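Enquirer: Modelling step: build the complete structure from the supplied sequences, incorporating the hints.
Protein chains in written order, with my numbering: chain A, 1 to 312; chain B, 1 to 368.
There could be a bad hint or two in this list.
[Said to hold, decoys possible] Beyond 12 Å from chain A on every Cβ pair, some chain B residues (computed):
hint, residue
1, E65
2, Q76
3, L207
4, Y340
[Stated by the list, open to error] List time: in silico SDA-like cross-link candidates among lysine to any residue, alpha-carbon distance up to 25 Å:
hint, chain 1, residue 1, chain 2, residue 2
5, B, K74, B, D84
6, B, K10, A, G135
7, A, K17, A, D38
8, A, K208, A, S167
9, B, K10, A, R84
10, B, K2, A, I108
11, A, K123, B, D84
12, A, K123, B, L207
13, B, K2, A, A73
14, A, K77, B, L207
15, A, K69, B, D84
16, A, K179, A, S167
17, B, K10, A, G126
Since the hints were made in silico from the structure, they are not lab data. A quick note: this is a predicted structure, and the numbers were derived from the prediction, not measured. Using N, Cα and C, we set each Cβ at its ideal position, and we do this for glycine too.
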Amino acid sequence: MISVSVKNISKLYGAVKAVDDVSFNVQQGELFGLIGPDGAGKTSLFRILTTLLLADHGTASVNGLDVVKDYRAIRNKIGYMPGRFSLYQDLTVNENLSFFAAIFGTSIEENYALIRDIYEQIKPFGNRRAGKLSGGMKQKLALCCALIHKPEVLFLDEPTTGVDVVSRKEFWEMLARLKEQQITIVVSTPYMDEARRCDRIALMQAGKIMSVETPERIIHNFPKPVYAVGATDLYGLLKELRVDPAVESCYAFGEYLHLTVLAATTSEQSIHSIVQKYQPKNLVIKEITPTIEDSFIRLMNEQNANAENDGE
Amino acid sequence: MKLLFVFIRKEFYHVFRDRRTLLILFGLPIVQIILFGYALSSEVKNIGIAIQDNAHDIHTAQITEKIQSSSYFKLQPAVSNYADIEQQFKNGSIKCALVFPVNFGADLLRTGGAQIQLIADASDPNTATTLTNYLQSIINSYQQQLNPNAKISYEIIPETRQLYNEEQNGSLNFVPGVIALIFMIVSTALTSVAVVREKELGTMEILLVSPLKPVMVLIAKAIPYLVLSLINFVVILVLSVFLLKVEIKGSVALLFAESILFIITCLALGLLISNVTASQQTAMLISMMGMMLPTLILTGFMFPLENMPVLFQLISHVIPSRYYYIIIKNVMLKGLGFGYVWKETLVLAFMTVSLLAIALRKFKTRLA
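Expert: Below, the structure is given as structure tokens:
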């Protein structure tokens, strides 16, 4: 069963296309990720789906309800956690939670089972003002508030931005448990490493969706072997390789460069001969499985190249 | 109903946990009442006066004594020459001076006419006029006292009465004005800020994505400020009666009913402002500049409307506080009943309903 359906949605702010002809479907009970950098149009898309914004073109529905016509009905059925921390900072944890329970016509006790795992962690701070919580705690509280009325579809806009690594990991584990309860979850994130935790992901850039696939398929679809190149002067090497005629792409990833070349068949030896020209110290070369980020950059470059061709 | 209660309780939490709001809410009315009551008083009371007595006879002594015993004047040490008087005018210790010439008493008795010089500081012309009037009336009354039997063939003795305010208590005029002003601040400014804060914090996004009806949000935002405004109203009335000795002549119930109506007008204005602004600063600025200044200037409690250019007089007709000010003055100070203020009440009610309707229609069910 399709839970969220998006058809040819576009949203313009003046001349800027924030969302550009986007289409995808999310199945019920699926954990669906919108992956893209800041300004890709993720938040606009979320606001359209949560009935907060009207799209300029296209249609969208949540659980079969139209986001424009049936916006009232949708508002009863979804949970939404905006990108910014949007709870009352001057209310305590418990006051926030019971307030949001009340406006959705329920109580903390009624759906306690759903939020128990998360709530237990913030319970010791029940009487603390929300504004005085740490970043991770704030996100947990916000998730509790979004879940308290047992929504059928949960929209989480960048829930892990500004949260430490441990809390991020915990947060994704919570989402996995919520998924088991058959709640459809649409989540956005700028962190590519989090994409692997989703059932399917949409890679989004400049208002367009470049690909909708499972994380495995996106990696599998990467057309070329990727080599990690390590050396002492990584930055100097990066500059040299970028202008090398044999190199297709070269990007810095932590302590390695990720390199693809134009030649159809490659081996670690052929890469070695290309790189060796620049006499790097402590050279390391190994073939690696491409990451989501590799795919993202590749798709982004293709999109840019297409746009340029269209322009000419 | 339970939902509304929860929402209203939340609003009260916001108010009571924010020191700034609390200060505006309860500090402001008290400060304003005291400020207007004592500091910004236009009343003539305890005005410094210097007397240069060149005659030193029984008549000058009696006139001096009369001046001294009136509550309007406060006698400064006697002076002996004009230079001293000028000096005292300059350092501000006196606002008027009285000069008796040599042989004042002798002239008075022998020739039947004596001169006296009144000097007043006319840098504030209104006060100067009032002061010289008071002094003249003191001198006149002494004159009558001097010759009770003397018959002037035709005499007109004006008996003036300052109706509704026999003691010339200046507080009477501004208390209704301050009440209107406080309602504007509390109901309009604070309400608009309260709604816009939710937009700024992003909580409005969550409220919108909930089954809450817009009406509910507006009512829940408005009710706490209605209650707080009424508390303020009571505080101001109590302060006025006990501190400023203002007598409430009309029906207190009618005063409350009219005040509730005006508070709702202000709330509607505040909600309307919050609908069209996106930041707390803008909301505050619009409420303060757009609402408070007209209230201060075009309501008639600071400057008489009749003296204003026609354009401003026309504008004053759309200022809600103008009507409230008239109502409160009539009920509180003149003791008039509803029969005398129904027209103003009707205008106010019409404004309130229209503003509420616009505020409700303008309430956005989406973000943009």
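Enquirer: Are the hints correct? Go through all of them and say.
Expert: So, going through the hints one by one against the coordinates:
The non-interface label for B/E65 is consistent with chain A: the shortest C-beta to C-beta separation is roughly 64 Å, beyond 12 Å. No beta-carbon of chain A comes within 12 Å of the beta-carbon of B/Q76; the shortest separation is about 56 Å. Distance check for B/L207 against chain A: the nearest CB is about 7 Å away, which does not clear 12 Å, and the non-interface claim fails. With a minimum CB-CB distance of about 46 Å to chain A, B/Y340 clears the 12 Å threshold, and the non-interface call stands.
This hinted pair checks out: B/K74 and B/D84 have alpha carbons roughly 17 Å apart, not beyond 25 Å. With a CA separation close to 23 Å, the supplied pair B/K10 and A/G135 stays within the 25 Å bound. The suggested pairing of A/K17 with A/D38 holds, with an alpha-carbon distance near 14 Å, which does not exceed 25 Å. Using a Cα cut-off of 25 Å, the hinted pair A/K208 and A/S167 is violated, with the two alpha carbons roughly 30 Å apart.
The suggested pairing of B/K10 with A/R84 holds, with an alpha-carbon distance near 21 Å, which does not exceed 25 Å. A distance of roughly 15 Å separates the Cα atoms of B/K2 and A/I108; the hinted pair therefore holds under the 25 Å criterion. A C-alpha spacing of about 78 Å is found between A/K123 and B/D84, which places the hinted pair above 25 Å, so the restraint is violated. Of the pairs offered as hints, the one joining A/K123 and B/L207 holds, with about 24 Å between alpha carbons and a cut-off of 25 Å not exceeded.
The hinted pair formed by B/K2 and A/A73 meets the criterion: a straight-line CA distance of about 21 Å does not exceed 25 Å. The hinted pair formed by A/K77 and B/L207 meets the criterion: a straight-line CA distance of about 14 Å does not exceed 25 Å. With a C-alpha separation of about 86 Å, the suggested pairing of A/K69 with B/D84 is violated against the 25 Å cut-off. Proposed proximity of A/K179 and A/S167 is supported: the alpha carbons are some 18 Å apart, at most 25 Å.
The suggested pairing of B/K10 with A/G126 holds, with an alpha-carbon distance near 16 Å, which does not exceed 25 Å.
In summary, the structure is inconsistent with hints 3, 8, 11 and 15 from the numbered list given earlier, while agreeing with the others.
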